[in-house]
Structure formats: C-alpha cells, structure tokens
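Chemist: Protein chains in written order, with the numbering used here: chain A, 1 to 664; chain B, 1 to 504; chain C, 1 to 101; chain D, 1 to 528.
Worth double-checking, as some hints may not be accurate.
[Stated by the list, open to error] Heads up, incomplete: computed chain A residues facing chain C, CB under 7 Å, no partners named:
1) A628
2) T630
3) V633
4) R635
5) R643
6) W647
7) T650
8) I651
Simulated from the structure, these hints should not be mistaken for laboratory data.
Glycine included, every Cβ here is placed at the ideal spot set by N, Cα and C.
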Amino acid sequence: MESHATESLLRWIVLVPLLAAAVGGLLNRRLPKQVAGLLACGAVGVSFALSVTVFLRLTRMPAAERFVSDTMGTWIGFGNLQIDLGFTMDPLSGVMALVVTGVGFLIHIYSLGYMAHDEGFGRFFAYMNLFIFAMMTLVLGENMLMLFVGWEGVGLCSYLLIAFWFNDEANAAAGKKAFIVNRIGDFGFLLGIFLIGTTLLPHLAEGEGLFSFRTLQHHAGIMAPVATAICLLLFLGATGKSAQIPLYIWLPDAMAGPTPVSALIHAATMVTAGVYMVARMNFLFVLSPTAMGVVAAVGVVTAIFAATIALTQNDIKKVLAYSTVSQLGYMMLACGVGAFGIAIFHVMTHAFFKALLFLGSGSVIHAMSNEKDMRVMGGLKKKLPITFWTFLIGTLALAGIFPFAGFFSKDEILWKTFSSELGGVLPWALGFLAAGLTAFYMMRLVVLTFFGENRASAEVKSHIHESPATMTMPLVILAVLSLVGGWIGWPHFMGGGAWFEQWLAPVFSSGHGAAAHGAAVHGAAAGEAVHDTMMEWILAGASLAWGLIGLGVGYFVYMKKISIATSLRNLGGGVPYKILLNKYYVDEAYEGTFIRPGYLLSKNVLWKIVDAGLIDGLLVNGSALVVAITGSVLRLFQNGMVRFYAWSFTIGVTVFVLYLSFSG
Amino acid sequence: MNELIVPNLSSQWGALLPYLIVAVGGLLVMVVDSFVRTLKKDHLSYLTMFILICVVIVQIVGRRTDGDLLGGMMITGDFTRFFNYLFAGIGVMTTIFATGLYDREGRYRPEFYPLLLFSILGMMILVAANDLLTIFLGLETMSLATYILVGGVRGNIRSSEAGFKYLILGGFSSAFLLMGMALIYGFAGGTGFADIAHAMKTQNPDVLIVGLGSALMLVGFGFKVAMVPFHMWTPDVYDGAPTYVTGFMATAIKAAAFAILVRFVILMQPQLAFAWYPVLVALTILTMSFGNLVALAQSNIKRMLAWSSVAHAGYLLLGVVTLISPSVGGSDMMMRSQEIGESAGAAILFYLVGYALMNLAAFGIINVMNHKSGEDAVDINRYAGLSRRQPLAAATLGIALLSLAGIPPFVGFMAKFYLFSAVVRAGLIPLAVIGVINSLISVYYYLRVLVVMYMKEPEDTSYHGTELVSVVTSGVLALLVIWLGVMPDAFHRAALVIFRQIHF
Amino acid sequence: MEITLTHYLLLAMTVFLTGMVGFVVRRNAIVMLMCVELMLSSVNIVFAAYSRFHANADGHVFVLMNFAVAAAEAAIGLAILVEIFRRRRTVNVDDLKALME
Amino acid sequence: MSLITDHILTWVTFLPLLGSVLLWTIVRRDSHARIFALVVALADFVLSLHLWFHFDSSRGDDQFVEKVAWLFNGQISYHMGMDGISLVLVMLTTFLGPLVILSTWKAITDRVPEFMAFLLFLQAAMLGTFFARDMLLFYVFWEVMLIPMYFIIGMWGGQRRIYAAVKFFIFTMVGSVFMLVGILYLYFQAGSMNLFDFLEVALGHEAQLWLFAAFFLAFAIKVPVFPLHTWLPDAHVEAPTAGSVVLAAVLLKMGIYGMLRFAMPLFPDGVAFFAPAISILAVIGIIYGALVAMVQPDVKKLVAYSSVSHLGFVVLGLFSLTPLGVAGGIFTMIAHGLSTGALFLLVGVIYERRHTRQISEFGGLAHEMPVFATFFMITTLASVGLPGMAGFIGEFMILFGTFGSETLAHAKLMTILATTGVVLGAIYMLWMYQRVFFGKLANEKNKGLPDLSLREIAVLLPIVIFMFWLGVRPGLILDKVEASVATVLAPLNGGPILTDDPGHHALRAEPEPGQDHPVFIVRDTENQ
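Pulled out of the complex, with its shape left as it was, chain A reads as follows (with noise of 0.2 Å):
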C-alpha cells in the first residue's frame, strides 16, 4: 500500500518539533547554543522536508483523491462520541503545511544570528519548536477537536514567546493579553464546536469519527438549519485568533516579543489559523449567507480600519502589525465573498512578504541596538543594503505592485469581491482603498527607515551594520519567494492557469456539493460562471495604479514634502490625528467597559459585599453568632438563686398540670 507509507510519515510532520521541543526544553541551559539551534532548525528541517514528501505524494494522487490520513487510535471515546487521535493531509493543508514549515524554517534560521547572544536562547528554540507542532496540529488535525488542540496550542505558544522577555511587566502583559483575548475567541469557537456535536451525533453512524472533517462535511446538510449560528460562533473564534475587529486588540501588542516571532507567530503562520478554520469548514460557511456576509463585513472593515491605524504609528513594528491586521482583513473578505482559494492563496503569499517585512525590520531593530522608534531611524539604505533591497521587495509585494506575489492574491481578492454575488461594489470600493492606504503607509515606513539622514545617537549610530548571514540569507529567500510565489496564482484572463485555486478546488468544491445538497444557497463562487475579462483587466489595472500612486505619494509626502505630513497631523485640530495614533481609543474603551468594571464589581461587590458580607458575615457567622446570643441570654435564667430556680420549677409544675386538667 502506497498511501500507507504516506500515512505514518504524517505523524512525524507533528511529532518531530515536539520531541525537539521536549529535548530542548528539558535540557534548556545544559545544552550549548549550537546543538539547541541545530536540534530545532533540524526539527523543523525534517519536518518541512517530510511535508514536501507527503505533499509530493498528494499531487501525484488524483485530483479528487488527494488526501491521506494517519490515525494514532481513539484520543476520546465514550459512548457514540468517538474523537480520533489523527492527522490528515489533503490540498489544504497541504499547502498550509508547506508554507508553516517552509516560512518556519526560514525564521528558525534567521533566529540563529537574530537571537544569539541572548540568554533565553534554548528556551526560545524550545518554545519557537512547540509552536510549530501546534501549528501542525491545527493544520494536520483529523477533526475539529485536533484543530482546537492546535489551536489553543499556538495561543499558548504565542504566549510564551511574547512574554519571553518577561522582565519586563509589559511583555508579560501582552503576553497575557493574546491568550485572553484568544479565549474569548475560543469561547465561540468551542460553542460553535459543540454546537456542530450536538446536531451531529444523533446521526451519526457507528464508528464515524464525531467531529471529522470528514464527517462534517459529509454530513453538513444536517447541520444547514443552524448553519448561521454555527458560522458565527465558529467566526468568533477566527477573530480573535486572526485579529479582527473586535477582537485584533491584541496582535499589536504582541509586538513586545522577539522580531522573528512578529514573523513567523504574528505574521505568517499563526493569525492566518482564522482563515484556515474558515476555510477548513467552507462547506459549513457556504450554507448561511449571513455568516458569508458577516465575515465579509468583518474583514473588510478590519482592512480599511487596520490600514488608518498604521497611517500614524511610528514603531517600525506596530504598523507592519496593523499592515498584518489589515492584510487579514483581505483574507477574511476573500473567504467571505466565497472566495476560499484565494484567501488561501493570499495567506501563502502574504507568509511570504510580511515574513520578510519583519525579519526585514528585525534586521533593522538588530543594527539599531533594539530601537524600534522609526522617528529615530533613517538612511540605513546605505548601512544595510541587502536588509533595504529585501524590504524594499517586501513592500511591493504588499503594495500589490505586479509582478510582485501580492499583485496576485490581492488583486484576486477584489475581483472576487466586485464581481461575486456575495460581494459588490461598496466592498470592492473599500477594499480598494485599503490597498491605496497600505501602499502609502508602507512608502512612510520605508522612507522613515532607509532613506534621508540617520536621526539616531551617535553611540546607536557607530553600532548600525549589516546582519549575519544567518539572517540574511533568510531574507533573500523569502524575497524571492515574494517576488515569484504569486505566479503560481497566475490568472486566467492574464493567461496564466490559477494553478493554485485548482489545487485547492477539490477541498472547496465539494463544499458547494453540500451546499447544493443542503439546498440553502447558491454557492457563491461557483456562481460566477461568466468570466468578465474586460472588467477583470480593468480592476487589475486600477489596483496597481492605485498602488503606484500610493507608493509615490508616501514617497513624495515623507520624502519631498514633509510640510504636509505635519499639516495633515493638524487637520481638524488633530484630532483625527490623535485618534488614529491612539488606536481608537479601542483599547481605553475595553479597559473602561468590561476590565476595570469588571475588576471593581469582582472585588468589591463579590468577594468584599457577597462573598464576605453577605454570606459569610451575614448568613454564615450571622447564624452562628444568633445561636451565641441566645445561649448567653438563656444563661441569664441561671442566677445562682434557688429561690428563683424553686420558682422556675413550680411555673413548670403549673404549666404542666394546667395543661392536664384543660385538656383532659
């Protein structure tokens, strides 16, 4: 059996970061630096090498075949319940698995020089190692509980490692806060987890594994009724752990950890879990056009919302994180205009540049001595050339310059936005703007950094050089995987095959299979049937014009004229100004909504008035002290006098006998 061989290599795709992970973290400082990072560099090593093994066998199966399993036994099993311990590989994940492994490998590298002479060195491989077994799990898990185990894994993962300098109150802080506020996001996933068990199990046949992809979809016409509140709690989770609104709040926060993880955790890998999920359950998505539409709706306001914010911040980091924000919100629309393989397509491609843009930036961060402040950088063009030409090519694949990767996916998306049933023009129109905002902010980041005059001190400035080559040697690769990642995404009306979109086809089209099945909507992408070349060449036209003029406005603006940068700060007494650059107030609002009410009320009604007063002090040792009042008042009869006891017994005798002589 050919599959077979295929099905335990699955396994070890997961399993070697772990062990890894384990040997590292276990034997932390005892192990020198070399061997920590070989071990985890060579983990992940074999781990992308097994992928393109197993990948390599997918794309010699037939089309509608291409999946492999590898089921390690029952995981939990009681009852009609039966959760397998299991991995499976189809397009998707597939490409999903490349991409983690392949962009992950890159950045362990990267991380050898980036983080060398830092002492938490085999802890971060440790850690760095974990992340990608939970990211494998989310990718490769058979069923939604794996996925979810993945899932809260790289939350956790990501936890760690931004609170990996933890010296500080403030990475711990943040830390804190992606986990929380991925828990809220996990919260409607598990709803919506077991929102799906509940309306399954009763029809489920022996054995089937309850929340197998495969099953689900099998059976996702049953689950149409209450598809939408499915979608939607499910969606909560995606928010929160692809950073939409409302729930983005942490992503740049998470900033605080170490650069290569922004790229890989923050940018490349992790947040896009959203995208994936959605993906993953398209079959299910395809069955509520209110969901489609709400994650729609979500995603394109994140873009355009996520694009102003990164307008004003002035850490080089901060707005690649918004960029980030931003750039998911297109993948979100994508999905929800039905547009799956492109959104799929866009989180490869994007892997590929922001990976780049952040290790890029942590290049920068690293020569500047640990300055993140763009105000104070300047004119590293010359300093750091292979970090600028990277960049530089980072920024055109984000700005959706053709031939760049982004040109591709980006472009794909508003198409599918515009044209799609599920779309239309206010999207599309949105959407468009973002990409000018996105190609602007990026020219100002790009202007702050490299060109004109170096604004740092002396003693920084006698510091800058170029990076070790284990840093950009990483650089090179993925900007050349930004320039020409997207070509596999070649579209038809420029020529090209779509490769991409017809790899994934299978995945999603069965999607519309059941949707049909379900008969609840037409599937969306499926429906546009007619191809509008014209129009298509048109768009594409625009969007990178658009680009371009974005690119060279934030050239000239930051470059030429920075008179009207100051002058836009003052627009409208700045206070447009002041509300970007404080985020919305996003922030200050939950603080002053739900955390500090929240603290207050806890502390000072439950525990202080509750738990103590009411309770305790009232019920508890009220009672207690009534029944220790009335013995001590009780006591009070016993005065010592006989008289006074004769008295008492007599009344008794009284009592006693009146009672005999009326009842009788």
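Assemble chains B, C and D onto chain A, guided by the hints.
Modeler: Chains B, C and D alone, transformed into the frame defined by chain A:
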C-alpha cells in the same frame, strides 16, 4: 392482691444477694474506717472496689431467679442486672478517680466510700422497684447519699452550696413526687405496680387524680434527669461538687433516673400517653435546646458538661417520647408499634451506657487536672496545649468530647444513631430534625475544648495532671468508647433483649 | 357535715400549697427546709386518708417511711447549713451565689 | 496472597488506618514517622494497583464486593464494593497519598508522628467513603473524615487556623446531619441500609423532594456549591500544604461522588425538580468563583476560589444528566485533583521559602526559580484547561454534554454561561502567574531563593506526567467509568437498576397500577 403473702425468702437469697452485698459492704466500709486508723486510707478504696466487683461476680455466677421479690416490692431480671453492672462499673471508676485525687492531695474523705456504696444501693433498688414505696426508698437512699457526696467536702464553700442547693431543691421535688404517688395510690388502692396496672385496666382512670398524680411523679423524675424547667440545679451542683462526684452523678444518677422513668412511663402509658405526650414533647425539645444553647456560652468545663448533660437528657427524653408516642401506645398497629417501642427502649439503654462511658472518660481527665491552688480544673482556656504536655490525657478527653458530640466512630454517634433511628421509625421526623440540629450546635462547644487542647500552645498557668492510674483508666474508657462505636451490635442486641423484659 | 375523703384531700392540698408558696417566697434556708417538711406532711395526710379509704395499710407504711426520710433529709440539710453558716454567717439562700453563671 | 486479594477493599482502606495507629503508639521518632508513613502510603498505592489491573471495565456493577453483617441482624452491614467511579477516585487518592507525605518532609517539623497519623487516618476514611455501599457505613466514613482534617487544619495551619478548622467542621456537619435523618427515613422504607435496597424503594414525589434536598445539602456543602462555599477559602488558606492538597484533590470530590452515587439515583423526582435550580447555582459558582478568584491577593485563596469555579463545572455536568456530562464530571474531578493538588503543592513550595502567599510580595520569580516557574506554568495551563492536558477533556465533555442535554431546562444557555468560565479561568490564572513570575525581581527578599529540590520535583513530576497523559489518553479513565456511569444514571432514565446481586442486572419490577412509582419526569423545555 391484698392478701398477705409471707415472702419465701429462702428462694430469693440469690436474687437479693447483690443488694445485700452493697448494703452490708457499705456498713462494713464504715466499720473498717472507724477501726482501722491509718493515715493512708486507700485500703478503703480497694475494699469498695472489691465489694462492687463482688456484685458483678455474684450476678454473673449466681442463680437467676427472676421475678418478684419481697412480695412484689421489687422485681429482678436482666434489666436490673444490666443496671447493676452499670452502677458497679461506674462505682469502680468513681472510686479510682476519687482515690487518685485524695492520694495526690494527701487529704482523704473516708465517708466517701460508704456513701458511694449507699448511693449505688439506692440506685439498684430504684431500678428494681416494683412498688411506689420502693421507688421512694430507692430514690431517697440514692439522693441522701448523694447530697452528702456533693456537699460534704469540708471547708469548701462551693461544695456546701452545691450540696445545699441540691438538697433543698431535691426535697422540694421529692414532695411533688410523693404527692403524685399519693394520688396514684389513691386511685389504684395499692402502691404495687401490679395494683396500678390492674387498676388502669379495670377502672376508668380519673384524669384529675391519675393525670395529676402521674404528672407530679413525672416532675419528680424530671428533676432527677434534669428536664427543663426542672433542671436548674444541674449546672450549679455539677459545678460545685467534687469532679469525681460530678462524673458519678452525670452517669449513674442519670441512668438510674431514666431507668425508673422508662419503667414508669411504660406503666402509665396505655391510658395517659395521649394526655402527656404534647407536654413531654415540648419539654423534650426545650431540654435539648436549652442545654445546648447555654452550654455554648460556658467557659467552665464542668458547667459546660453540666449543660451538655441537660442536653443529653433531652436526647434521652426523645427516646422516652418515642416510647409513648401515639404511634406506639395503644394504637392498632400493635406489631409494628411494639418493635418501635423496643427499639426506642433499647436505644435508651444503649445511650445510657455509652453516655456513661464517654462522660466518665471526660470527668476522669478533668478530675486529675489541677494547678497550684488545688481548685477544680474548670477553666477551659487553661487546658491550652494539653496535647503537648499529656498526649494521652488530651486524646482521652478529646475522644470523649467528640463522642459526646456524636461524631463517628465513637459510641456517642452509635447511641444517637440508635436513638434517632427509633425516633424516625416512629414517624417523628420533625423531632429527629430538631435533635440533629441540636447535636450540630453541640459540636461547637465540644470542639472548643479540642481547639484549646490541641491548637493552642501551653502556658504557665495551664493545667497539669499527674495521676497515671486515673488517666489510664480514662484511656481504657476511651478505648471502650471507640470499641462500642465500631462494634455496637452485640451490646445493642443485648439491650434489646433486656428491654423486652420490662415491656409488660 | 360529714367529713369525706375530699375534705382530707383539700386540706392536704392547702397544706401542700402553703409549703410550696412558703418555699418559693422565703429566704431563710431553715424556713425553706420547714416548708419542704410541710409539703411532705401534706403528702402524709393524703396517704393516710387514702389508706383509710382503701382500707389497706400501704398508705400508712408510706407515711412511716416518709417520716424517716424527711427526718434524714432535714438532718443532712441542717448539717450542710451549719457548714455554710460557719463560713458565711448567714442562712439567707439569696446569698448563696458562689455558683452561678 | 489470597488473604489479601479476597478482602482487597478492606486492606486498601484499613492499611493506612493501621499505619495511623502504629504512628500514634509505636513509631514516635520524627524521622521514622516520615519514612514509615511514606512506606505505608506507597504500600497502599501498590495494593490499589491490584484494583486497577483486576477491574473489569465492561461491568458497571460493583466488584471486589465484601459484605459482613454489622448491625440490626445484617440490615446494616459492612458492605464494601467498587465500581468504575469509585475506582478512579480511589486511585487518585492512593496516588496522591505518598506524594502528599513526601511533600511534608520539610514543611512539617512539629509533632510529625501525629501529623502523619492524621494524614493516613484521613486517607483511610476517604477510601472507605468511596467503597462503602451501606449508607450507614458511608455516613460513618463521611463523618470520620472530618476529624483528621479538622486536626490537620487546626494544629498545623496558619494564623486563623482555629476559625477555619471549626468552620470546616461545623459547615460540613450542618449538611450531613440532615442527610442522616434522610438516611434513617429511607432505612425504614427499605428495611435495610443497603444502597441497592434503597434504590428499589418506591418513594412518593414529595418524599423524594425532601430527601433529595437533605442529601443534596450535605453534598453541596462539601463540593462546595455556591453559596455554601465560604468555608473553603478559609480552610484552604489556613490548612498546611498537605491538608490543602488532600482537601482540594480528594475531599471536595466526596460531595460530587455523593451526589452521583446517592442523591441522584435515589431520588429521580428530586433531581428533576431541583436540577434547573442546581444548574443555575452551578453556573453562578463557575462565574462567581472565577471573578472572586481574580481579585484575590493571596495565591492560595485564589486557587481555593478557582476550585469553586471548577467544581461548578462538575456539578453542571452531573445535572446535565447525560452520560457524557457525568463522565466529564468524573474526569474533571480527577483532572482537578491533579492540577489543583499540584497548585497547592507549588504554593506550598514558595510558602516554605518565603512564608507568605501574597501575590504582591512576589514578581519576577521566574528569574530565580526557573524550574519552579516551569512546573507552575504547566500546572496553571492544566488548570485553565489547555487542550492536550487533562483539564480540557473533562471541561469539554461536561460542556458538550450539558449543551446537548435534553432534560435540563435552558441547557444551551447554561452552557454558554458556563463556557465564559473557561475565559475567566485563563484570566485569573495567567494574571496571577504574570504577577508572581514575570516582571523584574523587585522584592529583595526573593533574591537567591533556591529552586525546586529533587524531592520537590519527585513530588510534582508524577502529577505533571499524569496531567499530560490523561490529556492525550483520557480513555484511561473513561473506559473504566463508562459502564458505571450508565448504571448510576439508569434509575434517572427509568432503565434497569442494579441489584445487590453481584454481576447480575435485574430489571426493576413493573410498577403496580396506582402505586406511586418514581419515574423520571422529563421536564419540558421551553418550546414544548
């Protein structure tokens, strides 16, 4: 039944022997005391114990000639033997405790021993009474001896005061008891139980005479068992009496009084159960609650145990109430009701024994505790850290108190279990609930002593006791408390058999 | 007027109540002891009357025993009272307050 | 050997008691006492392994049954038995036993033999409670348990130990005395104290309600269910580490166990009537416990309130009346036993070093004690129910079971509210962790604190291993309890109930016409 039957004494010697032994033994001790003049009087204690042990031996090996004695004045059987064993046992323990104290203080009360024996004799007679006159004689013999035991510590005003209070109120209550007896005699035309039972069956009981008579008698017994509101002597007397006497009173007198109370209510039950029942229920509830509530407020361990004995009297009265509850007395469910009655009766017997064991263990320890001034060790706070100074004494007292609180695996729990199960069985669930609430309240004050002993550090003023014999004796009692708490069945079955005998 | 059992009983009750009231209102310990004696005597009246009424000796026997017991009780009471008087120089029972809560 | 295996339950239960007695009487040296107690506890664990390996998971009835007449001509008997539910709780108890003793090695220096004796005594009582199949026997073990715990808190506890100990004792007594009356009532209905005879008694509707209330009160206090929980924080804070561990890990489970074993199968009408109210209390407990835990300044108190929250989940699962929810509850009991036990051990470690538990006293401990921080982190994550660890499985099953419950009113809403507890759990635990371990090492007193010793690691490691093991292989527990859960729930669904006859399932006799027969009434949900 008025014809004079010359009692055939020769056939009754066997049954009378225990009584004679105690009576003659008491006199013997007095004589020995007068003639053998030594400074150290501990031979008296050995003699007393020997006499009491003789009672036990005679009862074990002697012929069982059960039935009426002395022309129906007394009746003997397993029932009386059971109590005689109990009294003898309590007597031995009390002798040990008392002697221990004398040894330590170097001050003897030679009159203690004969008085103890006479008091026990009174109890034995009381339990065996089959005639109002015998009741009276037994009760007074017991009481008179006890008055002196309580009040006879020379130079101790607290003892005198306690003795006087006990005596004056005891006399007062005796008057009511006697008046009750007189009225019942008037109704029945005889003082024998048989006469009364016969009259109850044949004549229409006049409520005023019989009801008043039995009510007054109940008051008299109520005084002895410390039923509220006739209980008020209890704390003062328990407090003022020497500790070993307090232990004796709390166990032996309570047992004797309950024995006769049980027999009395059974005798009067068929016609009067309904008339008495509500009052008795009310007084039972009052007794339990009053005892426990006031015990909460005590800082004097003897007073606390006194109030606790009031509360325990309440629990025992619960058994008595069950015994005469309408569902038992004279109802049509005879088969079932007899079972319930028996279970209540057996529970009372078991309770009395269990109560005696745990209370003696407690008083045994309290008795040996002392401090420089030679006063009784009554201040609970000065038991601080006893577990460090004397782990055995602390453990014994601790077990006794936990048992009194009704915590398993001690006998106190099993006693309560038997009792409450009889109560529930009779359908008196509200009473059972009140009972358990009460035992809940009681936990608090018993625990307080444990807190002091085990969880506070000893101080200079803390009590200390050195009498090894007493402590070990109490320890043995504590072991019995555990043993009967774990393996109560054999004993309970015996109690059941014994109780059937008096259920005439 | 024929003297019936009822009259004896009423007499006895009167005496008994006198003793009882005296007991609870007087403070002198000796008087209280005497009141108890009074109550016991009233019981004797009842016993004697009933004994006569029933024409058997049970009641008389009781009366005899009662005398003995009452005497013993009074003796013990006085003995203890003497002890108390020696220490306190009073026989007022209201002064007996060494034992109280 | 058969001498032991024939009476294995007796041996498992009373071996610690024997050890306890010997500690009171013979083994009086501190160092000897420690080793002796450890050996006894280990031996007990080894004995209990026999149960684990010889247990037949396919059967839901009692196994290893021992029955000897005790009182009332055998109406009340020494009746021990063990089904899957008892088994897993017993294993938890015996597993933690030696670890707890080992954890006290340095912490307890005063009156060591007594302490060890009380610990072993406590273990015996707890095991007996899990084995007892006679109500009186159960009650005896249940009450006896109070004594050693009372002394452990009161003698070796903190500042307010006496208040806490007495409160613990009285609080528990409050519930159990009413249960005693209920037991007695049932006894006379059934004619025996045998649990299986109780199950066959046909009780009237109203009687069931009263009896259920009496039983539930007793168990709810022990769990504790909101608002009966206020003894728990006090007891936990004041108890010595070992006491807290046993209290949290096993003692609280008694309440759940009692509900599951007695209150629920015996009184189906009572369950039906009270389940909505109880589930509301459970949900309040979950949220309330979490919120109050969040604001605690004392680590131990925080963990104590977290127990309130966690056990709210368990109660909710139980009263979902679904096998899934109940099994999830059982699983959570074990998981909570491990994680909270470990948390208390960890708090004990830091308390031994610093003699304070105030969160504000710490900060940045991860610098000084990385191994400790790691263990604490793992335990924290286990406590917040991270998937892949034990806590998650239980919570998932409970919530899933409750969500799908058809009998519980407003099951969906309850689940949604309860699930917020998952979020809140992460908040208070991680916040605490952050404040204790992260940030700069500001407090001078925390400088140079020694990291975990080998002994401490030896105590914690087995627990941590099981946290992961059970997270990945929950079947270890679930397989054992599945059949038993079905058996226990059967009376609630009108299914076959188990008789005294070992290994023999008997259908409940058909009710006679007109006879008031306890039938589980399915409460109409809102749209019916």
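Chemist: It remains to establish, for every hint, whether it holds in the given structure.
Modeler: For each hint, the structure was consulted:
1. For A628 (chain A), the suggested interface contact is broken, since its CB lies about 14 Å from the closest CB of chain C, more than 7 Å.
2. The closest approach between the C-beta of T630 (chain A) and any C-beta of chain C is roughly 14 Å, which is over the 7 Å cut-off, so the hint fails.
3. For V633 (chain A), the interface hint is violated, the least distance from its beta-carbon to any beta-carbon of chain C being 11 Å, above 7 Å.
4. This hint holds: R635 (chain A) has a C-beta 5 Å from the nearest C-beta of chain C, less than the 7 Å allowed.
5. Interface hint at R643 (chain A): satisfied, since its Cβ lies 6 Å from the closest Cβ of chain C, which is below the 7 Å cut-off.
6. Annotation: W647 (chain A) was flagged as interfacial toward chain C, and the flag holds, the nearest CB pair being 5 Å apart, inside 7 Å.
7. A hinted interface residue such as T650 (chain A) counts as satisfied when its beta carbon comes closer than 7 Å to some beta carbon of chain C; here the least separation is about 6 Å, so the hint holds.
8. The beta carbon of I651 (chain A) comes no nearer than 10 Å to any beta carbon in chain C, farther than 7 Å, and the hint placing it at the interface is violated.
Taken one by one, the earlier hints fail for this structure at numbers 1, 2, 3 and 8, listed in ascending order.
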